[in-house]
Amino acid sequence: MPILTDIPSIRTALRRDPAWSAYALCDLAPDLFPSTRWFTPGITLVLHAYDTCILFAMDAECLPEAMAHTTWPFHVQVQDDVFTEVSRRAHIEHDRRMWRMRRTTPTGDEHDARVVPLGPADVPALHALYADGDATGEAPDFFMPSSVQDGAYFGIYEEGQLVSAAGTHVLARQERAAAIGNVYTRRDRRGRGLARATTQAVVRALADIETVVLNVRHDNAPALRVYESLGFERHCPFHEAVATAAKAEIP
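With the first letter of the sequence shown counted as 1, position 130 gets the number 130 in this note's numbering; the numbers rise by one all the way through.
Rather than coming from a laboratory, the hints here were simulated on the basis of the structure.
The reader is advised that the hints may include incorrect statements.
[What the hints assert, rightly or not] Estimated spans, in silico, between C-beta atoms of each pair:
1. Gly191 <-> Arg88: 37 to 47 Å
2. Pro120 <-> Ala207: 33 to 43 Å
3. Ile7 <-> Arg192: 39 to 49 Å
4. Glu158 <-> Arg88: 45 to 55 Å
5. Asp81 <-> Pro30: 27 to 37 Å
6. Thr12 <-> Ala128: 41 to 51 Å
7. Arg88 <-> His218: 16 to 26 Å
8. Glu110 <-> Glu249: 50 to 60 Å
9. Gly42 <-> His111: 21 to 31 Å
10. Gly42 <-> Arg97: 14 to 24 Å
Just so it is clear, CB atoms sit at the ideal spot from N, CA and C, and this is done for glycine as well.
Generate coordinates for the entire structure from the input sequences, incorporating the hints supplied.
And the structure:
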């Protein structure tokens, strides 16, 4: 099965479902595209970046060839039908059922005076904040300091300490796509609307972006309500998981 290298052709295929493909659209950016391999028919992406390997697929048709180009272990973001096929071929750990949500209505114009933009100088404070979630497994995945410089991050400080933050996993303005992530409020400051305030600031900063998405665990009802109140709706369920090793025999 052929490997695609033509960006316009890849973009056209991804734009058939931009909300599901938002991360992949951002991987068309010049700094990331050299780290990608794209397989067809359908679209399956293998990304070697961020000190890991990630597999994204729109269908399972070229999955075997794509998996042959991964490095183990690798992360997967796939919907149910593809996950079934990945599970046939690989041992799976840390499977999480997720919702992909997409912005469908504009956020309000209200501004919370507590919220401030974050930049590279705030990275140590972000690391300290996210470390609060290590003990409970709630710490955000895939926080890259470079995303603070390249994306949109906002936070709330109290008594000199960062207690809540939200930002973008990826942002590619030329592709008109962004994914919100790394939303976290310190455990002793929850229930006060801080996560909503910081996330709303990120959404407002992305007002000119056509496709804005985020991921949330399927059973996180409070977060789902917050994001729905900010103009997001559930687009599709999917799996986040880690494929640890190929199976010796495929059932």
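To see whether the hints hold, each was checked on the structure:
1. Distance hint for glycine 191 and arginine 88: a CB-CB separation of about 43 Å, consistent with the stated range 37 to 47 Å.
2. Between proline 120 and alanine 207, the C-beta spacing of about 23 Å breaks the proposed range 33 to 43 Å.
3. Between isoleucine 7 and arginine 192 the beta carbon distance is about 44 Å. The supplied range of 39 to 49 Å therefore holds.
4. With their beta carbons about 49 Å apart, glutamate 158 and arginine 88 fall inside the hinted range of 45 to 55 Å.
5. Taking 27 to 37 Å as the suggested C-beta distance range, the pair aspartate 81 and proline 30 conforms, at roughly 32 Å.
6. Separated by about 43 Å at the C-beta atoms, threonine 12 and alanine 128 satisfy the suggested range of 41 to 51 Å.
7. With their beta carbons about 23 Å apart, arginine 88 and histidine 218 fall inside the hinted range of 16 to 26 Å.
8. In this structure the hint that glutamate 110 and glutamate 249 lie 50 to 60 Å apart at CB holds, the actual value being about 58 Å.
9. The hinted range of 21 to 31 Å is not satisfied by glycine 42 and histidine 111, whose Cβ atoms lie roughly 43 Å apart.
10. Distance hint for glycine 42 and arginine 97: a CB-CB separation of about 23 Å, consistent with the stated range 14 to 24 Å.
The structure shown violates the earlier hints numbered 2, 9.
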